[in-house]
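K.L.:
Given next are the chains, with one letter for each unit.
There are 2 protein chains.
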Amino acid sequence: MTFEDTWKPKIDAYRAKLDEEVGPYKALVEGIDYSSENFNAVEALDTLLTEKDREITNSTAKQLVAKQRDGTLTAVEIYNAFAKRGAIAHIFTNCAMELFFQEGLERAKELDKYREDHNGELVGPFHGLPISLKELMKYGGKVTTAGFVCYLDNYISNSPREESVSIQILRKLGAVFYMRTAQPQSVMHLDTDNAITGRTSNPFNRKISPGGSSGGESAAVAMGSSVFGIGSDIGGSIRVPAAFCGLYGIRPTTKRVSGLGSLSGGAGQESIFSSQGPLTRTIDDLEYYMVNYINMGKPWEYDPNTIPLEWKTGVSLPETVTYGILLTDTLVEPSDAIKRGLAYVQDKLRDYKGKKVDVKVITIDHDLMKEAFKQTLQIYGTSKPVHDKLFAISNEPLLPLTKFFLGFANPEENDILTNNNIKEQFKYYMYYLFKDQGIDFLISPTNPNVGEVPKNLTHWNYSSMFNLIDFPNIIFRTGLTFDPKVDVKGPTNVTDYNANDYVNAPINLQLTALRFEDEKLVEGVKLLDKALELA
Amino acid sequence: MTFEDTWKPKIDAYRAKLDEEVGPYKALVEGIDYSSENFNAVEALDTLLTEKDREITNSTAKQLVAKQRDGTLTAVEIYNAFAKRGAIAHIFTNCAMELFFQEGLERAKELDKYREDHNGELVGPFHGLPISLKELMKYGGKVTTAGFVCYLDNYISNSPREESVSIQILRKLGAVFYMRTAQPQSVMHLDTDNAITGRTSNPFNRKISPGGSSGGESAAVAMGSSVFGIGSDIGGSIRVPAAFCGLYGIRPTTKRVSGLGSLSGGAGQESIFSSQGPLTRTIDDLEYYMVNYINMGKPWEYDPNTIPLEWKTGVSLPETVTYGILLTDTLVEPSDAIKRGLAYVQDKLRDYKGKKVDVKVITIDHDLMKEAFKQTLQIYGTSKPVHDKLFAISNEPLLPLTKFFLGFANPEENDILTNNNIKEQFKYYMYYLFKDQGIDFLISPTNPNVGEVPKNLTHWNYSSMFNLIDFPNIIFRTGLTFDPKVDVKGPTNVTDYNANDYVNAPINLQLTALRFEDEKLVEGVKLLDKALELA
Chain A
26 MTFEDTWKPK
36 IDAYRAKLDE
46 EVGPYKALVE
56 GIDYSSENFN
66 AVEALDTLLT
76 EKDREITNST
86 AKQLVAKQRD
96 GTLTAVEIYN
106 AFAKRGAIAH
116 IFTNCAMELF
126 FQEGLERAKE
136 LDKYREDHNG
146 ELVGPFHGLP
156 ISLKELMKYG
166 GKVTTAGFVC
176 YLDNYISNSP
186 REESVSIQIL
196 RKLGAVFYMR
206 TAQPQSVMHL
216 DTDNAITGRT
226 SNPFNRKISP
236 GGSSGGESAA
246 VAMGSSVFGI
256 GSDIGGSIRV
266 PAAFCGLYGI
276 RPTTKRVSGL
286 GSLSGGAGQE
296 SIFSSQGPLT
306 RTIDDLEYYM
316 VNYINMGKPW
326 EYDPNTIPLE
336 WKTGVSLPET
346 VTYGILLTDT
356 LVEPSDAIKR
366 GLAYVQDKLR
376 DYKGKKVDVK
386 VITIDHDLMK
396 EAFKQTLQIY
406 GTSKPVHDKL
416 FAISNEPLLP
426 LTKFFLGFAN
436 PEENDILTNN
446 NIKEQFKYYM
456 YYLFKDQGID
466 FLISPTNPNV
476 GEVPKNLTHW
486 NYSSMFNLID
496 FPNIIFRTGL
506 TFDPKVDVKG
516 PTNVTDYNAN
526 DYVNAPINLQ
536 LTALRFEDEK
546 LVEGVKLLDK
556 ALELA
Chain C
26 MTFEDTWKPK
36 IDAYRAKLDE
46 EVGPYKALVE
56 GIDYSSENFN
66 AVEALDTLLT
76 EKDREITNST
86 AKQLVAKQRD
96 GTLTAVEIYN
106 AFAKRGAIAH
116 IFTNCAMELF
126 FQEGLERAKE
136 LDKYREDHNG
146 ELVGPFHGLP
156 ISLKELMKYG
166 GKVTTAGFVC
176 YLDNYISNSP
186 REESVSIQIL
196 RKLGAVFYMR
206 TAQPQSVMHL
216 DTDNAITGRT
226 SNPFNRKISP
236 GGSSGGESAA
246 VAMGSSVFGI
256 GSDIGGSIRV
266 PAAFCGLYGI
276 RPTTKRVSGL
286 GSLSGGAGQE
296 SIFSSQGPLT
306 RTIDDLEYYM
316 VNYINMGKPW
326 EYDPNTIPLE
336 WKTGVSLPET
346 VTYGILLTDT
356 LVEPSDAIKR
366 GLAYVQDKLR
376 DYKGKKVDVK
386 VITIDHDLMK
396 EAFKQTLQIY
406 GTSKPVHDKL
416 FAISNEPLLP
426 LTKFFLGFAN
436 PEENDILTNN
446 NIKEQFKYYM
456 YYLFKDQGID
466 FLISPTNPNV
476 GEVPKNLTHW
486 NYSSMFNLID
496 FPNIIFRTGL
506 TFDPKVDVKG
516 PTNVTDYNAN
526 DYVNAPINLQ
536 LTALRFEDEK
546 LVEGVKLLDK
556 ALELA
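Going down the list, the protein sequences come from chains A and C. Take 26 as the starting number for the first sequence in the working numbering and just add one per residue. Take 26 as the starting number for the second sequence in the working numbering and just add one per residue.
What the hints contain is simulated information worked out from the structure, not anything from laboratory work. Wrong hints could be hidden among the right ones.
Any copy will do: because identical chains look the same in the list, a pair fits if it lies in one copy or spans two.
In silico BS3-like links for lysine-lysine, alpha-carbon gap of 30 Å or less [as the list claims (entries may be wrong)]:
{"#": "1", "residue 1": "Lys-399", "residue 2": "Lys-51"}
{"#": "2", "residue 1": "Lys-395", "residue 2": "Lys-510"}
{"#": "3", "residue 1": "Lys-551", "residue 2": "Lys-33"}
{"#": "4", "residue 1": "Lys-460", "residue 2": "Lys-280"}
{"#": "5", "residue 1": "Lys-381", "residue 2": "Lys-323"}
{"#": "6", "residue 1": "Lys-337", "residue 2": "Lys-197"}
This is chain A alone, in the form it adopts within the complex (with noise of 0.2 Å):
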């Protein structure tokens, strides 16, 4: 059986479904010319909203469900202005693998429904809220191909121990869904390319990449789609999407949100865990999801393999907050765009009046670094035998950064003790170097660049560094933008820069804590926000 024969019709199938969804919302952008090169998908949408689409869609998860409670909004009307964001979102990004407009509806009617029989009482804390889900998250009754073409045929039956936990637990309290949103071929891409429905781009700037794996979410939540867009990263997958697209996004330490039902090519490769979590337009959001989600949630009572660790509230900080600065990796120099942001976050700290703040920079023993990123790529390409099976299914035309990733190790020269006594090495090597330097927290990059071109996305260790010793992370804004008139230089492992391409690009940056200090980085990132004028 040939891919032209039997695989190319499914995949059409698939994709004429999607359009069909679609279909209706493309009267909403006609004459918009969004495939020129540099495309401001952002920039167009806005001039396609109304003025009570605006105020409902750029509310916080804390205000829509306050807005239902006391009956000034129902979730129709939430659901009816995001879907429409969510079909535009579509239309210029492609961030969408799957729509499902008329299921959305009724949900919300449904919940607008409870809420009258039961006199004004939520189902939960996400009563009404849409959220968009990465698509490797197995969902009821639908197919789930995390990417793979092998699985276009792969039907979710609606059994609880076959459905995506976190789906479950979001839907129990009160989520609308209608989105599943795009991952890259092998969903091992720092972008957001596959076989089956094609190229997400950066709602910016669409020559660059909206980042991946979790791609799909990036380009969704950037757009406003929805509340929160649930990504997962185990080598910068919801972080690298999160910086290319200005958005805040949080890589919890691992087993704090349940990954059970979740599908991959990865399956038994335990030196690196994979950890799910929200992007959101703000940190309010980030924060309103985690603490519900893990309080009101429980992923502990449905997989053995969550700890049941509560969400912190009320945490408070230091009355003096050290941040360390991370300017280089010493393996790859980041662009002048990067640089440009650190040095804007350091200055704003500096000057920042409402607390006491510190600032140091912090560098990395070189030798160290250098041995720890190769074991992490050989950590990765364990799983290279699974992936070439799972392609030889299907003999789907493979990418040119699946390549590069089926070729990140030679899995018959592993070594699993050697994998793991390098990453326990280099995790109490940052954590002492947390330890004596007094910081609280570590301000670095999230990747060589921000919003890049798709094929110069090769050099991971800026986010995966992290996934390797399981230190919490949360994407933030700097506010700052990319300028082709300051920010001439590209990274070290760029050899093609060229400045107009990353133009409208938003500069976010990686904050980083001591594991299981999730709570503790959300008031890092709210300190940062205040210093740098953003809340």
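Dock chain C against chain A, hints included.
P.N.:
Just chain C, lined up with the frame of chain A:
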């Protein structure tokens, strides 16, 4: 350099130091033939104690702390009573690798002085409590060997980044140390015998093993050398010794207790983690240790791999408590003694009037169990190359059970993805078995037999199946002991069973709960203690 020329003199020096420490106590045991075949050290010990010795050393931790607080006992009095039992324990069973009585006494004096200087205030919840330590815990200012001859020069500095985190915590909370206990060569036997200090025997019957690898601990604690004996367990190493010596012993869910600073030949093997925990003579002492070690010790402040999960106090059991009973792992049929213990517990639970209790016999799928055990051995085998190297350094003669362990698996044929995928499959199988059957706890054998003769300690699965899936366990007493008249059949893996070998061996069993339900598990054992009329 040969073993005889280089290493034998170091072994001799190490043993001479141990003999020198215990020398002054030899007079205590004069006239007792403790080398006779079925020697019962526990019985012999009892004749050597004064009423006051008994009163002190048979008190619980809570009582000893209360008496120091109200001034009716000093730390020195407590120390002297326990040290006497510890010295006799070592003479009778060879349980210690290192003894340092003078240091213990000085420490007890220091604690008494602290109390005097602070108006009766104590250092912490372990004030003045003698605690014995498995020797593989790195002790500042001493050599740590983990039973490997090649580590006889492995001096540990006093740096808090080198010494065992748990030793630091216990010291900070007031513990008194004077004994480090034996573990087997490679630390991978369910027996205790090594090329440095030789064989440890079971205090109830010299002919049989005290269990292993924490068999120095089980012998020491059964003899009353300490209030708590700290062991570690990657395949049964706390539980088998606790069971064989009539003790309580917990293998907590991994990463609730810090194992940082323990020496091991298995570093880098992360599919099955080791777990550290106490062996005690009462469930109250076990609970006292866990609540104070975790909540007062806060091990996560020293170790990024330890989960900041407080020990919940005041956990209550459901209205009806359901105990599942696993009679066989389907691979090896247990001995008559074990079967008698299981039947007795069932009867006692069914007759119990103090609380509603249900008992359900549970069976496990044979094929999955077989495959899970196969992968368990493959996982342990991953560290064979490291062990080979460690043994090659000294050329120490390999004991039969070391050779047995080194044959567990061929690491070159190993497949980490298969290891972990089967592990997860078995974990969810057992998780859903608990859920579907509605059981709170599972009662099962710890080993196919009670206190076995060393060479027959070859079937690890009754203990190791729970390491594989990381469900916590506590060993509990049935109150029964081996009876050669009725316990006529051995387990099916033993071909030369002789009922006379096991006289006086306690019949203990294993209780298991779901992951992170360690607190509930303690309540489950307390209820068993009541039903079995032991409390």
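K.L.:
Each hint: holds or not?
P.N.:
Now for the hints, and whether the structure bears them out:
1. Lys-399 x Lys-51: neither (47 Å within a copy, 58 Å between copies)
2. Lys-395 x Lys-510: neither (33 Å within a copy, 66 Å between copies)
3. Lys-551 x Lys-33: neither (48 Å within a copy, 63 Å between copies)
4. Lys-460 x Lys-280: both (24 Å within a copy, 21 Å between copies)
5. Lys-381 x Lys-323: This pair counts as between: shortest inter-copy Cα distance 28 Å, intra-copy 36 Å.
6. Lys-337 x Lys-197: both (22 Å within a copy, 27 Å between copies)
Checked against the numbered hints given earlier, this structure breaks hints 1, 2, 3; the rest are met.
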